[in-house]
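Asker: Take the sequence shown: its position 36, counted from the start at 1, is 40 in this note's numbering, and no numbers get skipped.
Take these hints with a grain of salt, some might be off.
Think about it this way: if two alpha-carbon atoms lie no more than 25 angstroms apart in a straight line, the pair counts; the simulated BS3-like pairs of lysine-lysine are [said to hold, decoys possible]:
hint, residue 1, residue 2
1, 655, 14
2, 148, 58
3, 453, 688
Since the hints were made in silico from the structure, they are not lab data.
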Amino acid sequence: MAETVVSYDKDLPEIPDRNPYAPPDSYLRKKEGTQDEWEIVAGRRPSKLLLVNKLRDAVNRWRDSGYPGASPVTERLFTYWFEEDHEIDGHPWRYYFGQREAIETLVYLIEIENNHDAVDLVRSFGEIFYPEGTQERLPREDIKFQTTMDGSRQITRYIPEVKSEQVQDLPAPNLRRYAFKMATGSGKTVVMAMAVVWSYFHRLMVEGSNLSTNFLVVAPGVIVYQRLEKDFADNAVFYRLPLIPPEWRSRFKLKVILRGESTEPDPSGNLFLTNIQQIYESRQTDWEPINPVDAMLGRKPVTDLSKQGRPILDRIKSCRDLVVLNDEAHHVHDEELQWHKTLMAIHAALPRGLSLWLDFSATPKDQNGTYFPWIICDYPLAQAVEDRIVKAPLIVHQVNRQDPEKVTGENVIEAYGDWLLAALARWREHYNTYKDFGQKPVLFIMAEKNKYADRIGEWLVETEEIGLKENEVLVIHTDKEGEVSKKDLEKAREAARDIDLPRNRIKVIVSVLMLREGWDVRNVTVALGLRPFTSKAKILPEQAVGRGLRLMQGIGPDRTQTLEVMGTKAFEDFVRELEVEGVGIRTVTKPPAPPVKITPVMEKIAYDIELPRTRPIYTRNYKRLSELDPLSLGPIYDQEELDKPLSIRLKMEFGITETTVHEASLGTGTPPLAQELISSIVNKTMRAANLTGVFNELYPIVRAYL
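Please put together the full structure from these sequences, using the hints given.
Answerer: See below:
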């Protein structure tokens, strides 16, 4: 059993000698009828996606038979990738099985099945699912195909993840569009690069190939773009990884055109890397006259030709053929989105349409919560955890506590105080442990609004007992669309680039809807969710949890790294949706004690204070606060009434098997929330007395009374 970096009461469930480079032959599951027992089940974890199980069987048979019918290009690449030995920086290196299966499935559909259309794909490999616990067919057809009045094609079927019959859109006719569902940290970018290399040499060396040497890599936002730029600029990824056989390297000539560059593409061998927004916005550059004189004179000539270039959309459309690789594909799922229309416009403009459209995401879902029906590969989070190529997620429960109903910028610390203290305590334990490995763990706090994030950031710095400095806390704002605000964009870029480096001082990140995708922040080990996560928020469970799943570098495989995820009940309910991925969450019903432990000691009797009773017991009406003498009021509580020890009790569960691995009680030593508590008492006093606009006058009176 691998030892965890941070100590827990019990060993984490694992599959002994699990090899991430070989096909999975067993999986973890909670033992039925037990509280905290788990078992190893023989066989591979079944997928609940439409095409995957039957495709897995077909590809397994093809692989076991030695890839019959494969082109010489495929045979050479598969031999080089999967059979030959590789080293990177002096260390052995291999492709994960999940990466291998992804590219094998793509090649199988194109070379062996000769698939060109989604309807044929569903007819050949679509699997009928039934409501759990039944094997009965639905009253309607099992998988029904239909065409809308505008020509859109759809299927109707029972969908396990939403437990109901739904209508789903299919790709346009004769558009080869496939999606890859791969967990965060499992190497989606590597599969993208493999697809580029395979398509490039297939087009170059296979007679009659309908693939392409031109590629459009699409990123949804700046952070994702920057991550991809590091890999694809100057063809870095193709030479850093063993992707191109040595004898073919002289023939691999790919011109990379980055966002914002005016470079013209070559007749073949181009890779465009850009944001979908930039492609769409380039459609708006067509000249229009602003008045009759302008119409007569025509477009103003360009004086600086060095700064003028064709819009990127025009340059893309000038290619004879094209493969689209759409990273974080859940951003381009809605038929009504302009993004989707733009990609379809490119498809319509090319002589033979797009050669391929490949979607990559850990969560390729639409906003109805249904997975794309064109997913051909499923490598779920649970599998990545069992393969130990990502951190093991632990769900930290503090249950039977109602979420605060009225959270404001003024009371956010009081409302979420116990969770903030618990997260800080867990982060400190991680910090003290990981520093022995030369690593700096990071606490990530997800707030609901920018002003909440600001207040939490201020509290972390202002509270001396916490011990954080201003340059150790990073607060990132987002705009109304959930993207990084322009004023914080450079901070976000720098953090995404440098936060894992030893010289970086950031220990806590506070933000709204941040770390959704693109952040390769490996050092996050504690994530705190203080917001209600809903479909309206355009974020999915694995996107929120997944940001901290990537393994820290420099820690050997004999140590299991963990990600502790905690938050409000709304956040727990949200994370529980990961059950459809095989990552089960169980709620602990034992309530925790209140949040702060108070232990009176004789040595501090001189500091004894008397706390007010908050229920109304005085009948005198003080009409002028300035005349109120707080010292003339008697105490509400006696010392004996405050003698009960207070603490936060936490229970941690291994996500996949729902089994308890650790319990912790947080008490003395947690920083006080004095200022926030006084403010809360003042506000409650004002409400009880029907006072308004007297906070500043009442605050010092309450403070003196306390």
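Asker: Would you mind marking each hint as holding or not holding in the structure?
Answerer: Evaluation of the provided hints:
no.: 1; hint: 655 with 14; result: holds, 12 angstroms
no.: 2; hint: 148 with 58; result: holds, 19 angstroms
no.: 3; hint: 453 with 688; result: holds, 23 angstroms
Of the hints listed earlier, there is not a single one the structure fails to meet.
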